[in-house]
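Chains as they are written, first to last, in our numbering: chain A, 1 to 321; chain L, 1 to 500.
Worth flagging that the hints you see were computed from the coordinates, not collected in a lab.
Each computed DSS-like pair below joins lysine-lysine, with the alpha-carbon atoms no more than 25 Å apart:
id	chain 1	residue 1	chain 2	residue 2
1	A	270	L	340
2	L	317	L	279
3	L	393	A	270
4	L	371	A	270
5	A	270	L	347
6	L	446	L	382
7	L	82	L	122
8	L	347	A	314
9	L	82	L	11
10	A	314	L	393
11	L	134	L	190
12	L	446	L	279
13	A	314	L	340
14	L	79	L	118
15	A	314	A	270
16	L	118	L	134
Now for the letters of each chain:
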Amino acid sequence: MLNRLVARAGIYGILIASIAVLSVLSPHFLTVNNLTNILLQVAITTIIGVGMTFVIMTGGIDLSVGSIVALSIVVMAVVHKALAPMDFGIFQWLVVIVLPMLLALVTGTAAGLVNGVMVAKARVPAFIMTLGMMSMARGGAYIVSDNQTISVFPDGLTFLGDGRVFGVPMLIIASLVIVGIAAWVLGSTIYGRFVYALGGNRVALRLSGVNAARVEMSVYGISGLACGIASIALLGRLNVAQPVAGMGYELDAIAAVIIGGTSIFGGEGKVANTLLGALLVGIIRNGLNLLNVSPNVQLVVIGAIIVAAVFYDKLKDSARA
Amino acid sequence: MPVEPGLVTRKLGKSFPGVRALDDFDFVIRPGEVHCLLGENGAGKSTFINILSGAFAEYEGEIEIDGQPVTITTPARAKALKIATIHQEQCLVPAMTVEENIHLGDEPRRNGFMVDKKAARKAAQEVLDRLGVKIPLDARVRNLSTAEAQMVEIAKALVLDARILILDEPTASISDRDTAELFRIIRELKARGTGFVYISHRLQEIAEIADTVTVMRDGRKVGELTAEEASADRIVEMMVGRPVGELSAPPRNVETDDIAMAVSGLSGNGVIDASFALKRGEILGFAGLVGAGRTDLMKMVFGALPVAAGTISVDGKDVVIDSPRAAVRLGIGYLSEDRKGEGLVLKQAIDWNIALASLPALSNGPVVDRKRERAAAEGHRKRLSIATPSLSKPTGQLSGGNQQKVVVAKWLETGCRVLIFDEPTRGIDVNARAEIHTLIRALADKGSSIIVVSSDLPELIQVSDRILAMSEGRITGEVAVARNARQAEVMELMLGGTRA
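Only chain A is shown next, with the shape it has when bound in the complex (with noise of 0.2 Å):
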């Protein structure tokens, strides 16, 4: 009984309890000041976890996401301080904060290719390539970075993820506008109908006279690539880069897609659903937080919400059969 209802509520209304419930426990909640907060706070679990979404929807895991970021983010600041006090002439602004800003895309992609190429190519467990690149890439950023903690940058490095337009923070437009174009691409392009059958069946899009290892080898490259861009709106949003950055964004990033429900096991979900999943995880942080409960309580919480959606997600199967 008990079962269905939750199974036919869904993620929506879990989220929707969960606002009112802390609503009514504390008055501070539910404030445009707090809720933009929670919103900002989100906004970089969401990116990293669209990527994510690419990668679990085809069965699959993405552990070096967190740091990935971190490789990213130690590139583009050593390589902005490097350049910064040299004189490019009218193409100073192209090469002190563009350039940086692509090399920490290209990082993250070049990082989450490497993972894809392994995986798909070569078939390593996704699990075992992603977990020795998340020892790899956090190396590679205290290499880059010779442990150093890099700090304070201009307003264009620091713009997506510091910045207003039109009194809005430019990292929510930002996060919104990513779901938006991965869930077009996801629902509505051929690449999108790949993504979902190579999580169905792998070997049918194969015999279907597709390419599926190079559909593969994409999802994490575009994860890769989700943490590049997470890395440049972290970097703006500390005004900080230091190779610890990102510890512990996959598990945030996997409970969001999860707790969105698409399945842990492929071929079904929705990147729409990772927003919610991902503020689901923010308001209940949030929420916790202002109800003065310790960080470490915190870390319970979120992991047995993470349990709880998988062992949802196996209860809505069996509520179908």
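Starting from the structure of chain A, add chain L where the hints point.
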């Protein structure tokens, strides 16, 4: 009332949301008897055997064993009652050895918690000897053939001292020779008093092995026949619910020298020096035992397996086919023997699956044109009479026959002119099987060139214009069906003989 020995069910019933899967079902399994259960897909056979194997915690009606009422609400309960089920899908652990699998879940113990290895080995060897099969105890199950793995499952049931053995389409994927071996074992176990429930779509087998035949339709029992009463026509009539006319079609005439595809000296993956030519509009059958290399040959032709040597030409031009992608571009389609595992994305909608191999043609740039996709699928639904209320339904919800039609539609949509059907009617009921045969012939009449690989010899003879037999990786001979195909003749070639 006299106590009836064996297992008796009375008014057995089971409902699922929206479906009455089994209704008022009376069935008897007597010791030493093979009771065949027949019915089209969805007739309720699986529901029935699932109840007997303890898959459902709830069901309606009563079950008695030797006059004692019992309830079978868990698999453990079924095991305790000595009921063993051998499902179509194997329930063995591929990475473990034959011996370990035979004892899995019921290991002989020493000191309460350690496996008694000596006793285990002895018992396992004993049971294999009793079955008269030679399978090494230390072989990993993943290295066994389907037929051998099946023997291991039977051995496992024997170790449990099963009194009732339920076999769900045991011959669906084993060769005729292995089938004969299986029947020998069934007869031996029968003589020792084991009762069997035997499910199969192959009517010939039933004539050979059954003592009693029960036919089901729509979750109900249509009737029970003795082996003598159970003629093929009578059974099919009961299954379908109407008399059947002549199912076999007249021979077709393919008098052309127009070669659609020619394969020359193809080797690799156990296939040795295979050469054949497929004429335009021809249906070319491939007969052979399981493991003769037919599927591997086809997968090489389709680019799904690497080719070691040999050439392929399409429309007279030499081509390189190094991936399924290349094959599809050359207009070749392959319908896998494993429809669910290799042909369809079951969670996705019917039109989605039909479009999968032709998306670029159904799209504007990178964006899929839903209207065109829907229209294309709708066309195929009409032409192939795919029975479904909606094209948006998940493909997994269709019956086997309709799923096969969806795969056919997928390939027709690509516009391919060479179609390779690998075991096109495996697991498909009698009625849908005839439909698929008609469909294959209709496609050939319209100019498609078709290869049919099948382990079901009557099917090949029914549908093909010409049959090539393969044995141990080689093409061993050819029979023109229209003139003189006799089952024995093809059989001889399959077993490795060569014809002048």
